[in-house]
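Residue numbers (our numbering), protein chains in the order written: chain A, 527 to 939; chain B, 527 to 939.
There may be inaccurate statements among the hints.
Pair ranges (Cβ atoms, derived) [what the hints assert, rightly or not]:
id : chain 1 : residue 1 : chain 2 : residue 2 : range
1  : A       : 588       : B       : 877       : 38 to 46 Å
2  : A       : 831       : B       : 532       : 33 to 41 Å
3  : B       : 881       : A       : 584       : 35 to 43 Å
4  : A       : 903       : B       : 647       : 53 to 61 Å
5  : A       : 906       : B       : 926       : 54 to 62 Å
Quick caveat, the hints were computed from the structure, so don't treat them as lab data. Where a beta carbon is used, it is the ideal one built from N, C-alpha and C, also for glycine.
Protein chains: 2
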Amino acid sequence: MGSLGPYQRKHKITVVGSGNWGCAIAKIVAENAASNSDIFEKKVEMWVFEETVEIPKDSPNYDPANPGPEKLTHVINRVHENVKYLPGIKLPANLHANPSLEDAVKDSTILVFNLPHQFIVKTCESIKGKILPYARGISCIKGVDVNEHGINLFSETIGKTLGIYCGALSGANIANEVAKEKWSETTVAYDPPHLDSKAPSLQPSPSGSQVDLVQFEHKDVSGNLSNVKLQALPSEYPPIDHNVLKQVFHRPYFHVRVVSDVAGVSISGALKNVVALAAGFVEGMGWGDNAKAAVMRVGLMEMVRFGDKFFGATIDQRTFTDESAGVADLITSSSGGRNFRCAKLSVERNQPIEQIEKDELNGQSLQGTLTAAEVNSFLKNQGQEEDFPLFTAVYRILQGTMQVAEIPSYIER
Amino acid sequence: MGSLGPYQRKHKITVVGSGNWGCAIAKIVAENAASNSDIFEKKVEMWVFEETVEIPKDSPNYDPANPGPEKLTHVINRVHENVKYLPGIKLPANLHANPSLEDAVKDSTILVFNLPHQFIVKTCESIKGKILPYARGISCIKGVDVNEHGINLFSETIGKTLGIYCGALSGANIANEVAKEKWSETTVAYDPPHLDSKAPSLQPSPSGSQVDLVQFEHKDVSGNLSNVKLQALPSEYPPIDHNVLKQVFHRPYFHVRVVSDVAGVSISGALKNVVALAAGFVEGMGWGDNAKAAVMRVGLMEMVRFGDKFFGATIDQRTFTDESAGVADLITSSSGGRNFRCAKLSVERNQPIEQIEKDELNGQSLQGTLTAAEVNSFLKNQGQEEDFPLFTAVYRILQGTMQVAEIPSYIER
Numbered sequence: 527m528g529s530l531g532p533y534q535r536k537h538k539i540t541v542v543g544s545g546n547w548g549c550a551i552a553k554i555v556a557e558n559a560a561s562n563s564d565i566f567e568k569k570v571e572m573w574v575f576e577e578t579v580e581i582p583k584d585s586p587n588y589d590p591a592n593p594g595p596e597k598l599t600h601v602i603n604r605v606h607e608n609v610k611y612l613p614g615i616k617l618p619a620n621l622h623a624n625p626s627l628e629d630a631v632k633d634s635t636i637l638v639f640n641l642p643h644q645f646i647v648k649t650c651e652s653i654k655g656k657i658l659p660y661a662r663g664i665s666c667i668k669g670v671d672v673n674e675h676g677i678n679l680f681s682e683t684i685g686k687t688l689g690i691y692c693g694a695l696s697g698a699n700i701a702n703e704v705a706k707e708k709w710s711e712t713t714v715a716y717d718p719p720h721l722d723s724k725a726p727s728l729q730p731s732p733s734g735s736q737v738d739l740v741q742f743e744h745k746d747v748s749g750n751l752s753n754v755k756l757q758a759l760p761s762e763y764p765p766i767d768h769n770v771l772k773q774v775f776h777r778p779y780f781h782v783r784v785v786s787d788v789a790g791v792s793i794s795g796a797l798k799n800v801v802a803l804a805a806g807f808v809e810g811m812g813w814g815d816n817a818k819a820a821v822m823r824v825g826l827m828e829m830v831r832f833g834d835k836f837f838g839a840t841i842d843q844r845t846f847t848d849e850s851a852g853v854a855d856l857i858t859s860s861s862g863g864r865n866f867r868c869a870k871l872s873v874e875r876n877q878p879i880e881q882i883e884k885d886e887l888n889g890q891s892l893q894g895t896l897t898a899a900e901v902n903s904f905l906k907n908q909g910q911e912e913d914f915p916l917f918t919a920v921y922r923i924l925q926g927t928m929q930v931a932e933i934p935s936y937i938e939r
Numbered sequence: 527m528g529s530l531g532p533y534q535r536k537h538k539i540t541v542v543g544s545g546n547w548g549c550a551i552a553k554i555v556a557e558n559a560a561s562n563s564d565i566f567e568k569k570v571e572m573w574v575f576e577e578t579v580e581i582p583k584d585s586p587n588y589d590p591a592n593p594g595p596e597k598l599t600h601v602i603n604r605v606h607e608n609v610k611y612l613p614g615i616k617l618p619a620n621l622h623a624n625p626s627l628e629d630a631v632k633d634s635t636i637l638v639f640n641l642p643h644q645f646i647v648k649t650c651e652s653i654k655g656k657i658l659p660y661a662r663g664i665s666c667i668k669g670v671d672v673n674e675h676g677i678n679l680f681s682e683t684i685g686k687t688l689g690i691y692c693g694a695l696s697g698a699n700i701a702n703e704v705a706k707e708k709w710s711e712t713t714v715a716y717d718p719p720h721l722d723s724k725a726p727s728l729q730p731s732p733s734g735s736q737v738d739l740v741q742f743e744h745k746d747v748s749g750n751l752s753n754v755k756l757q758a759l760p761s762e763y764p765p766i767d768h769n770v771l772k773q774v775f776h777r778p779y780f781h782v783r784v785v786s787d788v789a790g791v792s793i794s795g796a797l798k799n800v801v802a803l804a805a806g807f808v809e810g811m812g813w814g815d816n817a818k819a820a821v822m823r824v825g826l827m828e829m830v831r832f833g834d835k836f837f838g839a840t841i842d843q844r845t846f847t848d849e850s851a852g853v854a855d856l857i858t859s860s861s862g863g864r865n866f867r868c869a870k871l872s873v874e875r876n877q878p879i880e881q882i883e884k885d886e887l888n889g890q891s892l893q894g895t896l897t898a899a900e901v902n903s904f905l906k907n908q909g910q911e912e913d914f915p916l917f918t919a920v921y922r923i924l925q926g927t928m929q930v931a932e933i934p935s936y937i938e939r
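With the rest of the complex left out, here is chain A:
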């Protein structure tokens, strides 16, 4: 046990989700919990949606005497490998796979959400009221939920459903490469209301001790006001600040910068896929590296403009231009990402992108085409299509109402 310093309690961390990105992040968090034992409980919980698996015969963990099938949590806890979703990667022994969501989250002050976005609401509703009321969350779920009326951040959906504050993590990261400890960077965004600077009303906490309960008006990114009650973290814990979050996620092979702009980090993760489609179209035309860099730059500036117009002062343009979640993720996605590759092939083969998607992605679907449509519907509703000519061009090309060759003249100004 490390020294507790001035604090009597340590943070317990739970990762909610155990796909390949979930396990890659859980591996990092568990490594850091073990090496920062002064502030974190060593044991890290990971909620695993239970299923029965067979260890593949070519796995070093395959045992002919016990060929299975076996429960996935048992396999993870026994051989420290998620043989189904992140095969070949050794997980830390202090990472505990837990099939019970409720049990996995119940004592944790730091909840890391890393599951497919369609499961967020259901998952959060099932643990509402069953977590520590002063827990804090970080969403590793990429992108945002755009519809014609506005934009919802997944971190806000989580926060509102659970009544806690939730930040976000996003960057130029491919799960398998991070799991293999290939060096990359990421951005963590975290900006909770300053509970300590407000006059708190003392209320009995669920556990009986006195904690601060702060009720404040919260304006979400779409400008909607809501009353949010947030409980201050008891003073026995080290405060959850940028420094502590860096200790949760930063590794020698996974460099973390912590910023305050949750909306910017989240929106970048969605919009960069639209830009990657444009880069793929241009690459497919064979226009060369300068044209590709030009379309990426124009796209980056439309991301900045989008943030500025629809989120105003709540967003920092430097999140797009300076951070891993912004420019670096844009570069990676426009170099070899799935949206880029399919857009390129659709030009080269002169086929609709849906056909490429069918032929190349084994039943998976592109995020960028969906986002392009959602963003266009939102922009149309705001009467702003013309102010985002690249986003609009991408949408129209996908619809077949514009040619890729028209991009330069359409975005010319």
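Using the hints, position chain B against chain A.
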């Protein structure tokens, strides 16, 4: 002849230099002079260092009856092609190749400099006092002149030598692709002192008419004060402003943004080559697209920091993060540029980069290795090596005193 509008005189443009980039820019300028005949003289002069050439036999302009040799200016003016430096590209008929530098520049209000940097001083000194005293310049020469004591911009060297104001043009541009009208973008930077806002002293001009002569204190990018006398443009000409410069350079296939930050545009063009070396090293290691994007992002931020530390308020961070001369040129250079390719090969073949340079570049030399050494010498002199860990790492790797594998830990913070 177009309408002169409220102005009695039109701008005459001269391009000084006729290599492949010189001719590509001259082609653009001449196209624009022809199509904006209300403000520009149609005929554009291009100074050509005279030499005797033979038209290659496979050229459509080869005439067996007149096989040459012939003077290069004659060939250009006769067949409108620079058969030696930009073969296969039709130059506009209103572009006049002139072997006399003095004659080419003598009546021009807009001078576009596009020649190898080692010829700048000599060329400018030979026309000192022989140009219109109120002419304005644009330097298309990439990079800056760094030594251990400071940084000189080529545009400032030109401006000081000739006693005129000179801006800069830089972007993600490869001469041959621009010449082929493949779409790209560029950045023009122009920010002359506001002559009209100062109280001018009326002085007789060399041509006898009254013009404004403004003497003001000029602080160059290294902080040195000098007295510069600039002559205001006579009011018979349309003012040379961002709008007019856009009309000089913008084409449907060459999109121009005009900014005010000459230092930022120039420094980007030099420092991005150091970052491209780092990207090449990482690519050579096979670390994947995320690592490459990370090193590019870190490099971009060191460019911003470099501008901020050594140029302060005279530089705008957005030049690096938003403009073609910044982020886009960085992306292009780190995708397939020469510095990137040689750095990648040096890791893959485990050979010093000088060896790769010798084997791969046909006697040409890398800009990035030179800049890395110059920048390091400057940083060392300022005691700032540790604040620019990526630039320092690149230099040390080139020197053989650091391994590429050490980059992530060396830049970790």
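Verification of the hints:
Restraint check, residue 588 of chain A to residue 877 of chain B: a C-beta distance of roughly 43 Å satisfies the suggested window 38 to 46 Å. Between residue 831 of chain A and residue 532 of chain B the CB atoms are about 35 Å apart, so this pair conforms to the stated range of 33 to 41 Å. Our hint of 35 to 43 Å for residue 881 of chain B and residue 584 of chain A holds, since their Cβ atoms are close to 42 Å apart. For the pair residue 903 of chain A and residue 647 of chain B, the beta carbons lie near 58 Å from each other, so the given range of 53 to 61 Å is met.
About 58 Å separates the C-beta atoms of residue 906 of chain A and residue 926 of chain B, a value consistent with the hinted range of 54 to 62 Å.
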